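Quick mapping for you: the protein sequence lines, in order, are chains A and B. Counting along the first sequence from 1, when you hit position 42 you're at 42 in the working numbering, and nothing is skipped either side. Counting along the second sequence from 1, when you hit position 425 you're at 425 in the working numbering, and nothing is skipped either side.
If you are wondering where the hints come from, they were derived from the structure by calculation, not from laboratory data. Careful: at least some of the hints might be erroneous.
Stated by the list, open to error - List time: in silico DSS-like cross-link candidates among lysine-lysine, alpha-carbon distance up to 27 Å:
(1) B/526 x A/177
(2) B/530 x A/101
(3) B/527 x A/177
(4) B/502 x B/363
(5) A/172 x B/50
(6) B/570 x A/111
What the hints assert, rightly or not - Using C-beta positions, here's what the derived DEER-type ranges look like:
(7) B/600 x A/92: 46 to 56 Å
(8) A/120 x B/568: 30 to 40 Å
(9) A/60 x B/314: 17 to 27 Å
(10) A/193 x B/9: 23 to 33 Å
(11) B/182 x A/124: 53 to 63 Å
(12) B/271 x A/58: 29 to 39 Å
(13) B/271 x A/123: 52 to 62 Å
(14) A/131 x B/558: 18 to 28 Å
(15) B/193 x A/177: 50 to 60 Å
(16) A/60 x B/333: 20 to 30 Å
Since the structure is predicted, the reported quantities are computational estimates derived from the model, not experimental observations. Just so it is clear, CB atoms sit at the ideal spot from N, CA and C, and this is done for glycine as well.
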Amino acid sequence: MKEQGNIHFCGVGGQGILLASELTAHALLAAGFDAKKSEVHGMAQRGGSVEAHLRFGKTRVYSPLIEPGTVDIMLAFEMMEAVRYLPFLNKKSTVIVNTQKIAPPVVATGKIPYPDHCLDAITQQGISLVPVDAFAIARKVGNLKAVNVALVGVLSRYLPIDEATWVEVIKKRLPAKILDVNLKAFQEGRKAGK
Amino acid sequence: MTQKKTTQEKLWYSGNEALALGAHEASVRVASGYAGTPSTEILENVVNYKEIYTEWAPNEKVGLEVAIGASFAGVRALATMKHVGLNVAADPLFTASYTGVRGGLVIVVADDPSMYSSQNEQDSRNYAYAAKLPMLEPADPAEAKEFLKLGYRISEQFDTPVLLRSCTRVAHVKGVVSPGEIQTSSVTPELVRNPAQMVMLPAHARGRRVAIAERQKKLAEFAETWAENRIETGDRTMGIIAAGTSYLYAKEAFPKASFLKLGMVNPLPEKMIRDFAGQVETLYIVEDLDPFIEMRVKAMGIACIGKEKIPAIGELSPSVVRRAITGDSGSVTFAPVDLPPRPPNMCPGCPHRGLFYNLNRLKVFVSGDIGCYTLGALPPLSAMDACVCMGASIGMAHGMAKALGDEGLGKIVAVIGDSTFIHTGINSLINTVYNNSYSTVIILDNRITAMTGQQPNPASGTTIMGEPANSIDFPELCRAIGVKHVRTVDPHDIEGTYAVLKEEIERPEPSVVITRFPCVLTPEEKKRPKTPFTSSTENCTGCGMCLRIGCPSINWVPLTPEEAKAMGKKEKQKGYALINETTCIGCGQCLSLCKFEAISTGEAK
Chain A
1 MKEQGNIHFC GVGGQGILLA SELTAHALLA AGFDAKKSEV HGMAQRGGSV EAHLRFGKTR
61 VYSPLIEPGT VDIMLAFEMM EAVRYLPFLN KKSTVIVNTQ KIAPPVVATG KIPYPDHCLD
121 AITQQGISLV PVDAFAIARK VGNLKAVNVA LVGVLSRYLP IDEATWVEVI KKRLPAKILD
181 VNLKAFQEGR KAGK
Chain B
1 MTQKKTTQEK LWYSGNEALA LGAHEASVRV ASGYAGTPST EILENVVNYK EIYTEWAPNE
61 KVGLEVAIGA SFAGVRALAT MKHVGLNVAA DPLFTASYTG VRGGLVIVVA DDPSMYSSQN
121 EQDSRNYAYA AKLPMLEPAD PAEAKEFLKL GYRISEQFDT PVLLRSCTRV AHVKGVVSPG
181 EIQTSSVTPE LVRNPAQMVM LPAHARGRRV AIAERQKKLA EFAETWAENR IETGDRTMGI
241 IAAGTSYLYA KEAFPKASFL KLGMVNPLPE KMIRDFAGQV ETLYIVEDLD PFIEMRVKAM
301 GIACIGKEKI PAIGELSPSV VRRAITGDSG SVTFAPVDLP PRPPNMCPGC PHRGLFYNLN
361 RLKVFVSGDI GCYTLGALPP LSAMDACVCM GASIGMAHGM AKALGDEGLG KIVAVIGDST
421 FIHTGINSLI NTVYNNSYST VIILDNRITA MTGQQPNPAS GTTIMGEPAN SIDFPELCRA
481 IGVKHVRTVD PHDIEGTYAV LKEEIERPEP SVVITRFPCV LTPEEKKRPK TPFTSSTENC
541 TGCGMCLRIG CPSINWVPLT PEEAKAMGKK EKQKGYALIN ETTCIGCGQC LSLCKFEAIS
601 TGEAK
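Please take these sequences and the hints and turn them into a complete structure.
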């Protein structure tokens, strides 16, 4: 991936997906790319399935929407959500997935079990899967809310952007109070990627 | 008069942030509207420009009337709303077309193709035609800002309100936006008496009707040379007419085609369309929802392909457009996997949950309304049986009561949130009392407009600008309307609420029950120290009672017979309930449902 690309962010409302996509967009802009990002607000914020489409290119990006089958990198914050957006992937996609399970209402109330080995649906297609225990990273750096920035750290290994640019963007975008812990989470995430 | 901005900084803005910046650069002085996805963040960002008086109005009609008044007083004014809000504001809209403006007036309306957060999928362009108003349609955040500024120029130049059509993929898309020059109005703020134009008596309106026809002609001429209606010549075998996001999707799908990109969708530039049609072999009209441009192009006698191929339902995308025109389904390779759905849910500790649990127990027919509480329709609460539009719950419940007479007594309730009650519910409650009905109205008073992201409303005690304000006293208001039985309950108190509801629903007179508890997402509630509950795995019998409220903080842990036995439980116990103490806020609803002392107070946090 050099001149252009499509990044798909998905997970559950409240996981910090929008911040992760914002940091990534700012890093791309700082690296000289044009970008467009699409989010769905409203109902999705109440613990529902959330996705953000981020498209970038050296030339003008027209559509803010990623077409099915054209995701280069997926950053999934929850396992089942990675599988939910399978139609956006192709054989060459890379899927970075946080190995966390969050039970949707039908599972939480005991009506349907959480699907076992659901990530097999991705690996069976020969798609490259990068499992990351971002929750463990967040615990290690001392703030459970740093899951999203840890995942951005993993993602950073797969994008044509210098480490210094990422660090600059994180410093600029996050409040001083939580900056150190998030920079650590970013670095730990980078170590976990590739 | 223009003023250079020194900064050349590129901004990363959503369409709504860009529209707010556009309002600032267009020297808007008064902005009003009602929250509604995807339009809400426009005013939430406009309020950051201190020179603009910004407010939340109780509904879109009031918001537009405020903007019309500000325009009459000679300042530039903005009204914002979602597509269904324009239905509410349609009354002033149609006659503001007759009065025209003094200060520029732009109405931003945000459509929601595919209904991500809406109850219908209407196409607001039809309003522009019906109200005889110009409508601009930007494609992305950068255009949104520019078009808003151009809209104010057009408004003052042609003496007309201007509609600007946004949509989910402009409002909630982020892109690069450049700050621009501050543009000022040449109109002087003052009160000017001009009854022939501003007092729409029939005699005056007849004169204005003719003036509008003249204005439409001038606008159509203007559209022919306006720079934002432009031909992009490419491969002449395929010509595409498109506006807004549809242009972006078509451009992505067919980058080599020739395009007529329309910045103004009403009125259309007929000569330009004829020229373009003459330059290309096959002409396509790519537009989402209704065949708005297509019908008009066909009426010009120009052959084109539109809704025969392009879907009229749901939002378009590059792949949808490509597939529609060439049949090429693109690079889709993997079929979706069947997974448990993940619908949105009420938050842990949401005060609405206990009410809907009780309504389910009471087996009443629930005439519902629009807000977070519409989620009360979903299982396991499953306690909403009708929902149409903002404020409809009360009128519908009254209609049901009149249709069924004594047969319906004790079986019907209306459920409406505080903001929705203020929006368009109060009139209906007046009607219920006036026409001697018996329905019970439940006002879910959580002190905020929650669904769209905690906007303050006339019950909240503050304004969007952070100033203290009056907070409506609902019991007093209901009594003044003539409701004799007004009760206020704490919805977290399950049994207490149940008893009051039962009594009021059976009463053969109008009654109001107010469930009063603040939304858990208000800043005050977020700050309040919480004591979560904890569950005892030992005491839990797996009866499942606590699961009936559908709280996201209670999870079912399944057990095999062996596991159950190993835990010292009966083999037939299929699992146990586990409270997630990190998300539980200790509302206490589940506590009253547990008969086995398996839920108790945990450690304060």
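Inset, instruction - Quick one: which hint numbers does this structure break? Sort them smallest to largest. - result: Those not satisfied: there are none.
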